[in-house]
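**Student:** The residues making up each chain are set out below.
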Amino acid sequence: MFEKIKKPTEALLFSDLKSGSTLLIAGFLANGTSEILIDAILELGVKDLTIICNDTSYPDKGVGKLIKERRVKKVITTHIGTNPETQKQYINKEIEVEFVPQGTLIERLRAYGAGLGGILTPVGVGTVVEEGKEKILINGKEYLLELPLGGDISIIKAKWGDEFGNLKYYGTARNFNPVMALAGKKVIAEVENLLKVGEMNPNEIETPGIFVDYIVKGGS
Amino acid sequence: MEAKEIIARRVAKELKDGDIVNLGFGIPTLVSNYIPKGINVIFQGENGVLGIGEVNKDNPDYEVTNAGNVPIKTLPFSSFFDTFMSFTMIRGGHIDVTVLGGIQVDEEGNLANWIIPGKMIAGIGGAMDLATGSKKLIVAMEHTAKGEPKILKKCTYPLTAKRKVNLIVTELSVIEVTKDGLLLKEISPYTTLEDVFKKTEAKLIIPKDLKIMEL
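Just so you know, the protein sequences line up as chains R and B, in that order.
Going by my numbering, the first sequence opens with residue 1, and the numbers climb by one from there.
Going by my numbering, the second sequence opens with residue 221, and the numbers climb by one from there.
Just so you know, these hints were derived from the structure itself, not from any lab.
Careful: at least some of the hints might be erroneous.
[Claimed, not checked] As a list, the in silico DSS-like pairs of lysine-lysine whose alpha-carbon atoms are at most 30 Å apart:
| # | chain 1 | residue 1 | chain 2 | residue 2 |
| --- | --- | --- | --- | --- |
| 1 | B | Lys277 | B | Lys293 |
| 2 | R | Lys186 | R | Lys168 |
| 3 | B | Lys399 | R | Lys135 |
| 4 | R | Lys135 | B | Lys405 |
| 5 | B | Lys339 | B | Lys257 |
| 6 | B | Lys431 | B | Lys405 |
| 7 | R | Lys168 | B | Lys277 |
| 8 | B | Lys356 | R | Lys93 |
| 9 | B | Lys236 | R | Lys93 |
| 10 | B | Lys293 | R | Lys168 |
| 11 | B | Lys373 | R | Lys133 |
| 12 | R | Lys47 | B | Lys339 |
| 13 | R | Lys168 | R | Lys141 |
| 14 | R | Lys141 | R | Lys159 |
| 15 | B | Lys293 | R | Lys133 |
| 16 | B | Lys374 | R | Lys135 |
| 17 | B | Lys257 | B | Lys233 |
| 18 | B | Lys339 | R | Lys74 |
| 19 | R | Lys141 | B | Lys257 |
| 20 | B | Lys405 | B | Lys428 |
| 21 | R | Lys135 | B | Lys355 |
| 22 | B | Lys339 | B | Lys405 |
| 23 | B | Lys236 | R | Lys61 |
| 24 | B | Lys366 | R | Lys141 |
| 25 | R | Lys88 | B | Lys382 |
| 26 | R | Lys135 | B | Lys373 |
| 27 | B | Lys399 | B | Lys374 |
| 28 | B | Lys423 | B | Lys233 |
| 29 | B | Lys293 | B | Lys366 |
| 30 | R | Lys135 | R | Lys168 |
| 31 | R | Lys141 | R | Lys61 |
| 32 | B | Lys355 | R | Lys133 |
| 33 | R | Lys133 | B | Lys428 |
| 34 | B | Lys236 | B | Lys366 |
| 35 | R | Lys88 | B | Lys366 |
| 36 | B | Lys293 | B | Lys373 |
| 37 | R | Lys141 | B | Lys382 |
| 38 | B | Lys356 | R | Lys159 |
| 39 | B | Lys399 | R | Lys133 |
Bear in mind that the values here come from a model prediction, so they are computed numbers and not experimental data.
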């Protein structure tokens, strides 16, 4: 029960990381992204990854490092505007980019983790986002059927956590972390302040420990 | 006065006391500098904060930021939340006013602002959700790009949102999107009606009570 604590590369290998894996990487412009685990992914030499993330950050931070080092085959994301490297690879057709509205991305991830068959959203109707999707009319209003989205490994980060995997987040570093914790077959959490079981207040836990497979001790 | 300042000042006058407001990147971000005295609005950041205070230059905490990743101060009533909660607010109709930048806007109130095929690709971010779910959508943008009109009969770039724009504010004009078309409500004191026509491709409806923008 309390054997979740691993070194970063160990946690990734135990989670069966390999070339071609699909990774869910939390963070908003790298705020809330585990740099330790990104560095470990680079160290393991895997490539052709599919990354699901809010944005591709900056070339030298977070997800941006994986793109700059050309480890990514496809990115499913909302925004690449802060990373000229992603833009360049996209224009040169060296990386595949699937754009998803941010609110749709989070709901698709949640649907996967929550055992739902999809979600209905008005967002994207009348835009390229609706292409190839089923439209459903409810009370006279059009909605798009958006399907669940999950991945092989979720890479998340929390300010506090215990050895059971209970997590609590901080500030705007929350963003995609709590929902991505639900949507990976394996979930690895970097925890900045790792506490013993019993040291966290159950009222304040945001992600119950059952969602977390491996814990990596974070730096400050 | 610079174009961007004119736009930001005029947009700020649209905000009402108590409004929950989301500001997009670029010119919209400047709006927070010009909120009229006596008007208190609450800014939401889609990255997961309600109640955005000033930029925190003295003691920046890089895990307490606005949606542009700039460290901010919180306010006594501020709250943090995850992306699920943030977009529940946004899509669910709990945001009163969203201000977004624009590349093109057209007579139907369509907005294009995320991609110029083959040239500029930023991405959708939260813009489609904000445009769809907010009670009011204001587009704050310069009237032309390199001399070319941005207010068109029909957008030519991929849309961000279909028929969602309520108001367009540029350095030359304030234009309301109505069911009959684009209603020119105000023009800048630094321009003429002829100049506005010349720089606008879309048909503009001129009301009898056309006003001069107050800045």
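**Student:** Just pull the numbers of the violated hints for me, sorted ascending.
**Tutor:** 4, 5, 8, 9, 13, 14, 15, 19, 22, 23, 24, 29, 30, 31, 33, 34, 36, 38
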